Amino acid sequence: MKNAFKFDRERLLLGIAGPVLALAVAFALSVLVLVASGLDPIEPFQIMFSSLQEQDVQVLIVNQWATYYLAALAVAVGFRMNLFNIGVDGQYRLAAVLAAIVGVKVSAPGPLHILIIILTAIVVGSIWAGVAGVLKTARGVSEVVSTIMLNAIAGNLIAWMVLKDQFGEQAEGSNDLTTGLIDESGWFPGIKVSDFAGEIYGFVFIAAAVGVVYWYVLSRTRFGFDLRASGASESAAAASGVDAKRMVLVSMLISGAVAGLAGMPELLGGTHTYSSNFPVGVGFTGITIALLGRNNPIGVAFAALLIAFLDKASSQLNLEGYPAEIAKIMQGLIVLSVVISYEQVRRYGQRRQQHRVGEELAAQAKKNRKEVSA
Amino acid sequence: MRRVPHLAVAVLTAAALAFTATACGDDDSGSGSGGGSGSGSGSDNLGMALAYDIGGRGDQSFNDAAAAGFDKAKEEFGWQGQEAEPSAGESDADKAQRLTDLAKKGYDPIVAVGFVYAPAVKQVAAKFPDTTFGIIDDSSVQGKNIANLVFAEEQGSYLAGVVAAKVSKTKTVGFVGGVETALIRKFEAGYKQGVADTDDSVKVLTKYLSQPPDFSGFEKPDLGKEAAQGQLDQNADVIYQAAGGAGRGVIEATAGADKWAIGVDSDQYQQKGLAAYKDQILTSVMKNVSGAVFDLGKSVHDGKPETGVITYTLKNDGVSLSQSNPAFQDMADVQTAVKDATDKIINGDIKVRTTP
Numbered sequence: 212m213k214n215a216f217k218f219d220r221e222r223l224l225l226g227i228a229g230p231v232l233a234l235a236v237a238f239a240l241s242v243l244v245l246v247a248s249g250l251d252p253i254e255p256f257q258i259m260f261s262s263l264q265e266q267d268v269q270v271l272i273v274n275q276w277a278t279y280y281l282a283a284l285a286v287a288v289g290f291r292m293n294l295f296n297i298g299v300d301g302q303y304r305l306a307a308v309l310a311a312i313v314g315v316k317v318s319a320p321g322p323l324h325i326l327i328i329i330l331t332a333i334v335v336g337s338i339w340a341g342v343a344g345v346l347k348t349a350r351g352v353s354e355v356v357s358t359i360m361l362n363a364i365a366g367n368l369i370a371w372m373v374l375k376d377q378f379g380e381q382a383e384g385s386n387d388l389t390t391g392l393i394d395e396s397g398w399f400p401g402i403k404v405s406d407f408a409g410e411i412y413g414f415v416f417i418a419a420a421v422g423v424v425y426w427y428v429l430s431r432t433r434f435g436f437d438l439r440a441s442g443a444s445e446s447a448a449a450a451s452g453v454d455a456k457r458m459v460l461v462s463m464l465i466s467g468a469v470a471g472l473a474g475m476p477e478l479l480g481g482t483h484t485y486s487s488n489f490p491v492g493v494g495f496t497g498i499t500i501a502l503l504g505r506n507n508p509i510g511v512a513f514a515a516l517l518i519a520f521l522d523k524a525s526s527q528l529n530l531e532g533y534p535a536e537i538a539k540i541m542q543g544l545i546v547l548s549v550v551i552s553y554e555q556v557r558r559y560g561q562r563r564q565q566h567r568v569g570e571e572l573a574a575q576a577k578k579n580r581k582e583v584s585a
Numbered sequence: 002m003r004r005v006p007h008l009a010v011a012v013l014t015a016a017a018l019a020f021t022a023t024a025c026g027d028d029d030s031g032s033g034s035g036g037g038s039g040s041g042s043g044s045d046n047l048g049m050a051l052a053y054d055i056g057g058r059g060d061q062s063f064n065d066a067a068a069a070g071f072d073k074a075k076e077e078f079g080w081q082g083q084e085a086e087p088s089a090g091e092s093d094a095d096k097a098q099r100l101t102d103l104a105k106k107g108y109d110p111i112v113a114v115g116f117v118y119a120p121a122v123k124q125v126a127a128k129f130p131d132t133t134f135g136i137i138d139d140s141s142v143q144g145k146n147i148a149n150l151v152f153a154e155e156q157g158s159y160l161a162g163v164v165a166a167k168v169s170k171t172k173t174v175g176f177v178g179g180v181e182t183a184l185i186r187k188f189e190a191g192y193k194q195g196v197a198d199t200d201d202s203v204k205v206l207t208k209y210l211s212q213p214p215d216f217s218g219f220e221k222p223d224l225g226k227e228a229a230q231g232q233l234d235q236n237a238d239v240i241y242q243a244a245g246g247a248g249r250g251v252i253e254a255t256a257g258a259d260k261w262a263i264g265v266d267s268d269q270y271q272q273k274g275l276a277a278y279k280d281q282i283l284t285s286v287m288k289n290v291s292g293a294v295f296d297l298g299k300s301v302h303d304g305k306p307e308t309g310v311i312t313y314t315l316k317n318d319g320v321s322l323s324q325s326n327p328a329f330q331d332m333a334d335v336q337t338a339v340k341d342a343t344d345k346i347i348n349g350d351i352k353v354r355t356t357p
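In the order they appear, the protein sequences are chains A and B.
Under the numbering used here, the first residue of the first sequence is numbered 212, with each subsequent residue one higher.
Under the numbering used here, the first residue of the second sequence is numbered 2, with each subsequent residue one higher.
Extracted from the complex, chain B is given alone in its bound form (with noise of 0.2 Å):
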């Protein structure tokens, strides 16, 4: 009988890992799957997919802004459209096979959204010349039915330091970034000149939830919030996350506290989701990636496919910040920096760095 509470405490942990290790982050996953209620009998009208990066439709960031591409593209269309949620920890092997299944059913353009698609996309592509594969923040695979689709998170971010610098009393600002991928370090390096550019007195607090290949930092909202809570804790009074869904937990502990919370990706202020905060999101660096996937949606639709890397920037209104809130709104100086800022990155007065 000895063996017994052995083998229950492994098999016990063993679950609970297990569970720990692969299904983080579903809980919204049920409404991805709307869409999906054709059978893919060779109609016409299949339209657009859209392959999501971890997180998915939900996480109130950057899924969320390509569903709205999605969406509105699907209603213009008239498309039946397709969604498709990928699991944690899967391999590049899992994502070509999403692309494959998703392009034998015919849909097309097919959109990947995010970076870690990308050798996905290059041996997929190759294999359906006559469909078009849209990618989101990636260059680095090119063809012919390839339209990648990238933005200067750099330029945007810098706008974000400027405000940091400009509302935060304390002199001490924070920057949570999800996972310390190139990407996010992008956004650190655009809110880190930008800051240093407008009050080089005031601190940057930097914290990253998980490094690569542990992808819980764009997942996991209580992450988040202890380290927002934590740069709270040493003074910071303005904190901006480029976090995905774990985000939220920034902005929940950064509201709680009645700090300024600055959002990103989507304008994080009309978020159904975090309603309960938005007083204290002062402003959203934007990425205008419902647009980008409209666009391409709609190239393809007129029978002139995209192709090629398209950079979404200030200049045309690729990253911008959001002004849904009055508070930011009033803040004559600080609406007058970020304008005059704008206008020197467009003009090339202004260099943004893309590493800090």
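Same shape as in the complex, but just chain A (with noise of 0.2 Å):
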């Protein structure tokens, strides 16, 4: 008992020496690029800390954790698969399109309007990574040839809808489509900080809600063992008796429905409508999101927030004569030493545990030893 305790702490501590090794490598590497620009190494990172202050900021901040959490927990389900979901941001902006067209069309009582709005939402993300569930079950394609193509299918078909011909309006002397304004009662109410900084989305709340239930049903139900089962050895998997096939199907289905959500805290709380100005991306930021905090809800959470962060608090730096780019290429960075210091952190844990075992081996053959001669 003793043991298995002290293993799992030990577990606990290597699962957090990866991301800190990545963003301590990262930012060594960050300032060796601002020096070797010529640049002050350190006010930068002075100034977005600085900017941390201000409430406009940390709204900002909140908002887009909302929305990075969700994108990074659809990729996440996909990863648990070990699928590969790059079409996250299709799936999301989709979803997101289809959703304001429908919150348009559709008027209800408040709280009926909203879940209208969401249900399309979830639908239409798990219909379109369905797709590629369907093509990778049925005949073999892989999952990420398939996001990538219905990527650019998604975009299209979006560009198509917005047009004034089908669902498109354009308000007189603009010269952005949008998919018209969704009523007052399909407004996902949120909490007002002040008249300066904006409201809070109430999103935020249901994307921490979506966390919990993927903590749950990943680590406390047996669809959730089966599916990190599947993933993790699918013929092991398939011997005790999971249908992979069907595993994979139902993944992506959970996924494409994670990453629909993705776009409702800006829609619901936001803009309101669907506009060419609508964030495009944030399926790819998922991944880098979910590879950060190694699939765990709650490491997630915080890789979430240290890129919101990271976008928000840059736009300061373009005013004070610093690139914005020190943040896109700090990102650029945590992804790659990501890869590097996780697989040096596993190769040393499983030394250790190879070490170990063969000294437990070790003091038992020398225990039986002693107890033959004597």
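Since the hints were made in silico from the structure, they are not lab data.
Certain hints may be false.
Quick list of in silico lysine-lysine cross-link-like pairs, DSBU-like style, CA-CA up to 35 Å [as the list claims (entries may be wrong)]:
#, chain 1, residue 1, chain 2, residue 2
1, B, K105, A, K403
2, A, K539, B, K273
3, A, K375, B, K145
4, B, K105, A, K539
5, A, K375, B, K167
6, B, K273, A, K375
7, B, K226, B, K170
8, B, K226, B, K167
Keep in mind that this is a model prediction, so the values were computed, not measured.
Hints given; two lone chains; assemble the complex.
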């Protein structure tokens, strides 16, 4: 029993060591990049941290966190099953545009209106991901390839849908196409911080709740066990009676559903319409975050917070004479250091484990020998 | 050990995708932060701030035109000035934050380059009633402290169509649009009408580089190059581009094949970055963005800030064809046709459509 406890603590330490090492390396490399470009290596970080004290920046970070967290969870569901859903971006955008269209066309009392919009997003997201799931189970098409292609198709579908002939609207004097504004009954209530800083999207709490559900389903249910087992070894899972094909399809559907939710903080709390300004690339950022957070709901939450911070606090850099791209470089460096440090930590852990097993076996053998000789 | 390559492949793919999705078109951004040494110590001379559209300073096009007006105003009024660039795929909230940051520092006026800033301007202008906000290419958000600087692009494009129809020998001309937005469709509409009114046997090939929300069609010259090559292969001998930073590729391909290119936004014949191709840049449809930006700065400097919709047309030289290529100056009959069309548009005999 004592041993088991010790092992768990060590696993936790090793789990934290990976990201910490990655961040330290990324930070050091960023400083090097700054020095190499002849800039002050420390001041940009000071600027970013000091902008954290401003209320409007805090609100922006929290709101962005919700989007990133959901996108990363969508990716993480796939990763747990050894599926690489690159299509989160397309699923999220297609879900957002259709949810916006339905939200504009439907009028219903408050909570029902919001519920209809959210359900639309979930259904659309999972159908779009499901296409890749079906292709994989029925035809063996790699989900990496099919989801990339589905991203492109989603982009063109959206462009077609926001045309004026379909569902698009163009405000008088505007050059932008939108899907029209959702009635106020379909706005998700937020928490007002101040007139100046605006409000924290209410959907932030839904995002947190999705994180809890993710944790519960994956680590506390039979389904979660089957999913992780199939991810770890498909043949072993099949041997113990898990239908691997079904698991692939189901986890793609779940991944897509969560991806669909990722557009909701912005749609229901912020823009209330889908326009060409709707953020793109969220799904790709989600991949970075899921990797950094090691698919763990708490780890991913922190990783999402970090990336949201880098995104929002970096806009100040531009005004102080530093290129805002520093933050982008940092994000890239984080991705690279994540790979290296996680692998290093994993090897280290494996070596220690082998070492200890060896020691225990040796001790056992020694004891056996003594008993024999006695 | 089986997991190693899988993870590595996954991460590298993710990194590559993240980079292509976020880091495009930033090659010239270093120069964009040149003016930003101020710490915002409350100096009265902060002056104008410019929030760029995708591409930023150095796009040899739309943003550069705004930057030229900004530079002129900065010099003339002794302003410190400030420039800020967007990143690809950002949201309205990011744009609003950029404008808020600038307003908080005390810059006035704040000019948003491009219609994508409309929701952000609306939101931020309300919070800073004493600051003048300018927005280019949008008149949908209006307010007491908002100046909407809009252009009759279709009129300038009509003239480009007249020129193209006149000089084409193959009776096939091309249009390359950056992103298929309503704004770029205005360019297409005017161009097509100009071609058809001049010679209805001339065929117009149309190609858009990307569909919103994918704005890479304003950023990636390789896309422009490919599209232009496609039209050249179909026998086009004049190509008009309205593709921002991607237009460079169109000009490269067209000039490389010894065909005529028509530039956009700025006088592209005179742009240093395109000097190698300038002989084949017949003319450019200029939007006097720099003048509009300067005028707004001047009005604020004089204490009478512009407000409301200000339309720049052929009539007030807000849009025009550039005359800097000697080859173009020498084409007497083309010049006559352009002059004729200009007069007709100004006196209302020709109404140019804004949608194709």
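Checklist entry - If you check each hint against the structure, which ones fail? => result Checked against the structure, the only hint that fails is number 6, while the rest are satisfied.
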